[in-house]
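Enquirer: Quick note, the sequences are listed as chains A and B, same order.
Here the first sequence is numbered in my numbering, starting from 1 and rising by one per residue.
Here the second sequence is numbered in my numbering, starting from 105 and rising by one per residue.
Heads up, none of these hints are tricks.
So, partial list: chain A residues that the calculated Cβ filter (under 10 Å) puts toward chain B:
hint	residue
1	Arg19
2	Val48
3	Thr57
4	Ala63
5	Val97
Okay, the calculated bits of chain A under chain B, using three or more residues with CB under 8 Å as the criterion:
hint	segment
6	6-16
7	33-47
8	82-93
Derived from the structure by calculation, the hints contain no laboratory data.
Built from N, CA and C at the ideal position, the CB exists for glycine as well.
The lines below spell out each chain.
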Amino acid sequence: MSATVAMILALAVGTYAFRLVGPVLHGRVELPERVQELLGAGAVVLLVALLATGALTEGGGFAGWARPAGVLVGAVLAWRKAPFVVVVLGAAAATAVLRAAGVA
Amino acid sequence: MRTTERTALVRDSALVWLASGVVGLSFGAIAVTGGLPVWVPVVMSLMVYAGSAQFSAVGVLLAGGGPVAAAVTGLLLNTRTAAFSLAVADVLGPGRVARLLGAHLVTDETVAFALAQPDPARRRAAFWVSGLGLFAVWNTGVLVGALAGDALGDTGTYGLDAAFPAVLVALVLPALRESLAIRRSALLGAALALAVTPAVPAGVPVLVALAGLVLHGGRRPA
Chain A
1 MSATVAMILA
11 LAVGTYAFRL
21 VGPVLHGRVE
31 LPERVQELLG
41 AGAVVLLVAL
51 LATGALTEGG
61 GFAGWARPAG
71 VLVGAVLAWR
81 KAPFVVVVLG
91 AAAATAVLRA
101 AGVA
Chain B
105 MRTTERTALV
115 RDSALVWLAS
125 GVVGLSFGAI
135 AVTGGLPVWV
145 PVVMSLMVYA
155 GSAQFSAVGV
165 LLAGGGPVAA
175 AVTGLLLNTR
185 TAAFSLAVAD
195 VLGPGRVARL
205 LGAHLVTDET
215 VAFALAQPDP
225 ARRRAAFWVS
235 GLGLFAVWNT
245 GVLVGALAGD
255 ALGDTGTYGL
265 DAAFPAVLVA
275 LVLPALRESL
285 AIRRSALLGA
295 ALALAVTPAV
305 PAGVPVLVAL
315 AGLVLHGGRR
325 PA
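Make the full structure from the sequences, and use the hints.
Expert: Structure representation (structure tokens):
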């Protein structure tokens, strides 16, 4: 079981080190305006990529139709400026209804 | 920040907490029913605190992949938090304690929530409110799931796996509406991530998406 402890520690320390990159560099290194702009854009690009892969894929393959269809319902609601609650519950409900109807 | 804004923030965050709590339940249950002792998912959630990396690390362990492969897979998935921590570095707060504690709360959810706010004060509030709540709910969910085992059933029935991508849509839409450069970069990035997903290890597709920034272009005159 000590190998599992070592795995958890390595994963914890490594992950925390990644998360410290920003706070440690902040205030010490004066980043050029262009770099700051790219960092902000980069975060949005990462989030959109997470949303696309999270909506469409599961374990390296296609996630089935129910989940992307639900996310699409959420996207349409968000585009029409529906409240956040409606967007999230709408997406989950649409996916749940499709699954109940037999769509994978 | 006015009380109504704070209430709206808690209300919006609460949905994400709920979804994360259920995912935490299933993480605890999967780890324990797979044969791991209760403390493994619980300690892991407190110390690593990264949902997708925890799932993949435990998945590798349960598949007999060994601890080294489990750690490497998890770390690969979490490399994106370095980019996220740079993006929210000025959001955490001025003090050393705020930065050291805040760093642990840097997740996809808190970054998305913070960056969706229009001004620095609200960004900070959104980060801490969503982050502290998420940490509490996630770890409680994992503990309950680990103790309750497989009593939960198939969570896919509730469609909650569609909730987080939908949350991301709602949170990134304002930034996408605002800037053509970000729109182009994000579209290319997402397309690249999807294209490489079947071929590369988990965690890599999202990093590949950063290549989409080549379309961001420069604003300075040539």
